Amino acid sequence: QKEVEQDPGPLSVPEGAIVSLNCTYSNSAFQYFMWYRQYSRKGPELLMYTYSSGNKEDGRFTAQVDKSSKYISLFIRDSQPSDSATYLCAMSPIKAAGNKLTFGGGTRVLVKP
Amino acid sequence: NAGVTQTPKFRVLKTGQSMTLLCAQDMNHEYMYWYRQDPGMGLRLIHYSVGEGTTAKGEVPDGYNVSRLKKQNFLLGLESAAPSQTSVYFCAISLQGATDTQYFGPGTRLTVL
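Chains as they are written, first to last, in the numbering used here: chain S, 1 to 113; chain R, 1 to 113.
Quick caveat, the hints were computed from the structure, so don't treat them as lab data. These numbers come from a predicted model, not from an experiment.
Using 27 Å as the maximum straight-line C-alpha spacing, the simulated DSSO-like pairs for lysine-lysine come out as follows:
1) R/K9 / S/K42
2) R/K9 / R/K71
3) R/K70 / S/K42
Required output: the full structure, derived from the provided sequences and hints.
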């Protein structure tokens, strides 16, 4: 079983809809949670960053962490065709020099005009 | 300001051949990482470096070697390529560790026949 699970999709939505993405994880030591966005044939770029539990909002994007359920979510409101990409969750147990990120497999999102 | 560049962009190797992938950065970041990305597997860390002259193993280091003789360059070597090393390779950099924003290069698509 993978340490971080993510539905590969594709998740197809009409323009303007809310996109809901999630990851589940098994390591209760994870404290730092990130969402990276990756356009086709490009490198990933950091989208959202959350520490421990709770919500974080940035424009049309909201990240949620539920550590009791080992579950994180990313919501995209008023989705646009430019949001079509693969979204990768990533997490780490500590903020230290030698730590590493564990990535989910990514969910491909298609926003249709 | 190019950020993170990777050379080459594409390469086809025969089993047993060797090659070196170059990652170069102009952001003066201490940390550099090599990942491989395979369908459904997300990003998996191969090796990383926390500063000039240092290297450390990641999640999947077997079959790869690295060197960081200069702060701005991180080299990934395949001594004897195998078909299982067919993948997309990404280099990333960060300022203070894996949980800081990681900036990724554009990737190298490698096929081993």
